[in-house]
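Student: Single-letter residue listing:
Number of protein chains: 2
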Amino acid sequence: MALKEKGFHRIGWARRPEVRLRALESGALDEAAETAEEAVSRADITVFALPIPQILRFLDLCAPHFRPGSLVTDMGSVKGVICRKAEEALTPRGIVFTGSHPMAGTEKSGFDNAFPELYGNADAFLTPCSLTKESHLQTLEELWKAVGIRKTVRLDPETHDDLVAHTSHVLHIVASALALTILESDDPEEKARRFAGCATGFRDTSRIASSNPAMWREIIENNTPANLTALKNFEEKLRFLRKMIEKGDYDGFEREFARGKELRDSWVAYKAARM
Amino acid sequence: MALKEKGFHRIGWARRPEVRLRALESGALDEAAETAEEAVSRADITVFALPIPQILRFLDLCAPHFRPGSLVTDMGSVKGVICRKAEEALTPRGIVFTGSHPMAGTEKSGFDNAFPELYGNADAFLTPCSLTKESHLQTLEELWKAVGIRKTVRLDPETHDDLVAHTSHVLHIVASALALTILESDDPEEKARRFAGCATGFRDTSRIASSNPAMWREIIENNTPANLTALKNFEEKLRFLRKMIEKGDYDGFEREFARGKELRDSWVAYKAARM
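These protein sequence lines map, in sequence, to chains A and B. Note that numbering that gives the first Met the number 0 has the first sequence beginning at 0, numbered continuously upward. Note that numbering that gives the first Met the number 0 has the second sequence beginning at 0, numbered continuously upward.
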């Protein structure tokens with residue numbers, strides 16, 4: 000949708016024919032292909048906008064069909080697994096691959112929930128690998144600018160995965176553990192009191208526990224080492240705070256809490272300045 | 000403010016004379032007392048609206064001055080420590096004490112940020128102790144209804160403290176640990192990437208880490224056993240999720256995440272139905 004009238008001929012494929020038709024009729028595509036293989040065989044640039052397991056599968060399926068010298072990218076929220084699969088499937092077919100990760104999205108999915116302004120003001124990570132060529136990297140950057148991405152940032156796949164594990168993925172594990180701890184009790188009366196007693200503090204801290212379980216399973220499954228690192232870091236910090244409370248070192252606890260507040264407040268200010 | 004023209008003669012004391020005067024002039028009080036002891040000596044009902052350490056201090060200071068047969072309550076967010084202090088300071092002076100905890104508040108403080116609608120639609124916990132009498136308990140319930148509280152719930156102090164530890168207090172420790180883990184790094188480039196990479200997921204999950212450190216130190220300090228229990232429960236649940244990821248039991252992880260989502264979604268629906 001966001002590439003409309005930006006100088007691209009857009010060939011699209013989705014699994015269900017009715018979706019392909021609707022995308023074509025609504026002007027989100029210039030041409031609908033019957034198969035993925037057919038679509039990629041005619042493309043200068045291929046973009047996989049699929050769940051992570053499907054990206055891996057389609058890299059294999061389409062490997063014999065990409066045009067030599069063409070650029071392939073994806074939009075998955077993990078990059079190491081995908082770049083490794085690309086290197087395995089596409090070397091040495093003369094196909095250029097770079098992972099992408101636009102930092103934009105909603106909790107919704109499906110054609111009905113798509114809108115062209117999604118990428119406006121967001122950044123995108125590009126994760127070059129052994130299959131990447133500089134000329135194609137610039138083409139990719141222009142593609143992302145064309146859909147509205149404000150800035151592209153180049154990062155190696157492992158550093159990317161460690162970063163998103165800390166800034167996004169591990170938060171979902173923590174929020175889920177909170178929901179499971181707070182809202183459950185063996186005692187039905189206690190559970191009822193918990194339901195009554197939770198308010199905006201719980202609502203916000205646990206919000207992302209209401210995310211899509213299958214999607215987050217796929218993300219964690221494909222970014223396990225970085226998530227375990229992030230979890231370990233978090234558990235260590237929590238234990239550190241707990242020990243201060245256990246020892247009665249409330250001055251220390253208050254000092255740490257104040258430091259966390261200062262860090263977060265500076266982050267909020269940093270984000271506001273970038274608006 | 001909320002008791003204005005509800006049939007009460009309101010005598011108030013605050014530490015600073017200028018605040019007492021402003022409260023009187025604005026109509027929030029009918030009478031301003033020079034000292035706390037003077038105010039309580041003339042009261043049928045005394046309400047302590049103070050930080051927790053000050054509630055404890057003023058229970059001691061005012062103990063010889065309350066009118067025998069009068070009712071004393073407080074509004075602190077922990078009840079065990081306060082009820083025990085009341086029992087220690089007021090037995091057997093013939094003074095009736097019941098703790099209160101209105102589930103209402105903002106992150107702001109001070110006279111300038113007070114408004115009479117604060118209690119509208121909120122519930123209040125009442126925590127009877129050995130000093131409580133049924134007749135006075137009903138008077139207290141009428142007092143809270145008069146300021147706009149929708150429903151009063153009687154709970155013993157220990158059950159109350161365990162409940163608020165789980166539904167509110169422990170969330171602040173978790174949010175603080177998250178902020179301290181995610182926004183800090185020994186590597187300045189990594190720290191810059193973390194700042195850039197955090198978005199709405201981090202913003203919401205860590206929001207309450209920006210709360211007032213002194214206030215939350217006081218709450219944790221005065222509700223330590225319940226908070227350590229809640230922390231232990233949370234850490235166990237997080238460890239349970241981590242072990243599934245470590246073992247590659249992603250089906251199990253997805254099942255637990257789905258259960259957490261279901262619990263939270265049912266809580267959201269429960270809250271919406273009560274609006």
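These are computed hints drawn from the structure, not numbers from a lab. Every residue gets a Cβ at the ideal spot worked out from N, C-alpha and C, and that includes glycine. Mixed in with the good hints there might be a few duds.
[As the list claims (entries may be wrong)] Covered stretches of chain B (chain A as the covering partner; in silico rule of three or more C-beta atoms under 8 angstroms from a C-beta of chain A):
{"no.": "1", "stretch": "39-50"}
{"no.": "2", "stretch": "132-142"}
[What the hints assert, rightly or not] Every beta carbon over 10 angstroms from chain A, so not counted as near; a handful from chain B, in silico:
{"no.": "3", "residue": "66"}
{"no.": "4", "residue": "232"}
{"no.": "5", "residue": "236"}
[As the list claims (entries may be wrong)] DMTMM-like cross-link-like pairs, simulated, lysine to aspartate or glutamate; straight-line CA separation at most 25 angstroms:
{"no.": "6", "chain 1": "B", "residue 1": "236", "chain 2": "A", "residue 2": "17"}
{"no.": "7", "chain 1": "A", "residue 1": "236", "chain 2": "B", "residue 2": "183"}
{"no.": "8", "chain 1": "A", "residue 1": "242", "chain 2": "B", "residue 2": "250"}
{"no.": "9", "chain 1": "A", "residue 1": "231", "chain 2": "B", "residue 2": "250"}
{"no.": "10", "chain 1": "A", "residue 1": "236", "chain 2": "B", "residue 2": "234"}
{"no.": "11", "chain 1": "A", "residue 1": "150", "chain 2": "B", "residue 2": "250"}
{"no.": "12", "chain 1": "A", "residue 1": "231", "chain 2": "B", "residue 2": "37"}
{"no.": "13", "chain 1": "A", "residue 1": "246", "chain 2": "B", "residue 2": "250"}
{"no.": "14", "chain 1": "A", "residue 1": "231", "chain 2": "B", "residue 2": "111"}
{"no.": "15", "chain 1": "B", "residue 1": "236", "chain 2": "A", "residue 2": "157"}
{"no.": "16", "chain 1": "B", "residue 1": "236", "chain 2": "B", "residue 2": "264"}
{"no.": "17", "chain 1": "B", "residue 1": "246", "chain 2": "A", "residue 2": "234"}
{"no.": "18", "chain 1": "A", "residue 1": "242", "chain 2": "B", "residue 2": "220"}
{"no.": "19", "chain 1": "B", "residue 1": "107", "chain 2": "A", "residue 2": "17"}
{"no.": "20", "chain 1": "A", "residue 1": "190", "chain 2": "B", "residue 2": "122"}
{"no.": "21", "chain 1": "B", "residue 1": "190", "chain 2": "B", "residue 2": "161"}
{"no.": "22", "chain 1": "B", "residue 1": "190", "chain 2": "A", "residue 2": "33"}
{"no.": "23", "chain 1": "B", "residue 1": "84", "chain 2": "B", "residue 2": "24"}
{"no.": "24", "chain 1": "B", "residue 1": "150", "chain 2": "A", "residue 2": "183"}
{"no.": "25", "chain 1": "A", "residue 1": "5", "chain 2": "A", "residue 2": "122"}
{"no.": "26", "chain 1": "A", "residue 1": "246", "chain 2": "B", "residue 2": "37"}
{"no.": "27", "chain 1": "A", "residue 1": "270", "chain 2": "B", "residue 2": "189"}
{"no.": "28", "chain 1": "B", "residue 1": "107", "chain 2": "A", "residue 2": "264"}
{"no.": "29", "chain 1": "A", "residue 1": "242", "chain 2": "B", "residue 2": "116"}
{"no.": "30", "chain 1": "B", "residue 1": "150", "chain 2": "A", "residue 2": "235"}
{"no.": "31", "chain 1": "B", "residue 1": "270", "chain 2": "A", "residue 2": "264"}
{"no.": "32", "chain 1": "A", "residue 1": "107", "chain 2": "B", "residue 2": "203"}
{"no.": "33", "chain 1": "B", "residue 1": "236", "chain 2": "A", "residue 2": "122"}
{"no.": "34", "chain 1": "A", "residue 1": "236", "chain 2": "B", "residue 2": "264"}
{"no.": "35", "chain 1": "B", "residue 1": "236", "chain 2": "A", "residue 2": "264"}
{"no.": "36", "chain 1": "B", "residue 1": "190", "chain 2": "A", "residue 2": "234"}
{"no.": "37", "chain 1": "A", "residue 1": "236", "chain 2": "B", "residue 2": "161"}
{"no.": "38", "chain 1": "B", "residue 1": "231", "chain 2": "A", "residue 2": "186"}
{"no.": "39", "chain 1": "A", "residue 1": "107", "chain 2": "A", "residue 2": "188"}
{"no.": "40", "chain 1": "B", "residue 1": "231", "chain 2": "A", "residue 2": "106"}
Student: Does each hint fit the structure? Answer for all of them.
Tutor: Hint by hint, here is what the structure shows:
no., hint, result
1, 39-50, "violated (count 0)"
2, 132-142, "violated (count 0)"
3, 66, "holds, 34 angstroms"
4, 232, "violated, 5 angstroms"
5, 236, "violated, 4 angstroms"
6, B:236 <-> A:17, "violated, 43 angstroms"
7, A:236 <-> B:183, "holds, 11 angstroms"
8, A:242 <-> B:250, "violated, 33 angstroms"
9, A:231 <-> B:250, "holds, 21 angstroms"
10, A:236 <-> B:234, "holds, 12 angstroms"
11, A:150 <-> B:250, "violated, 37 angstroms"
12, A:231 <-> B:37, "violated, 56 angstroms"
13, A:246 <-> B:250, "violated, 39 angstroms"
14, A:231 <-> B:111, "violated, 44 angstroms"
15, B:236 <-> A:157, "violated, 28 angstroms"
16, B:236 <-> B:264, "holds, 19 angstroms"
17, B:246 <-> A:234, "holds, 18 angstroms"
18, A:242 <-> B:220, "holds, 13 angstroms"
19, B:107 <-> A:17, "violated, 54 angstroms"
20, A:190 <-> B:122, "holds, 17 angstroms"
21, B:190 <-> B:161, "violated, 37 angstroms"
22, B:190 <-> A:33, "violated, 46 angstroms"
23, B:84 <-> B:24, "violated, 34 angstroms"
24, B:150 <-> A:183, "holds, 24 angstroms"
25, A:5 <-> A:122, "holds, 19 angstroms"
26, A:246 <-> B:37, "violated, 40 angstroms"
27, A:270 <-> B:189, "holds, 17 angstroms"
28, B:107 <-> A:264, "holds, 16 angstroms"
29, A:242 <-> B:116, "violated, 40 angstroms"
30, B:150 <-> A:235, "violated, 41 angstroms"
31, B:270 <-> A:264, "violated, 29 angstroms"
32, A:107 <-> B:203, "holds, 18 angstroms"
33, B:236 <-> A:122, "violated, 34 angstroms"
34, A:236 <-> B:264, "violated, 29 angstroms"
35, B:236 <-> A:264, "violated, 29 angstroms"
36, B:190 <-> A:234, "holds, 19 angstroms"
37, A:236 <-> B:161, "holds, 23 angstroms"
38, B:231 <-> A:186, "holds, 18 angstroms"
39, A:107 <-> A:188, "violated, 35 angstroms"
40, B:231 <-> A:106, "violated, 31 angstroms"
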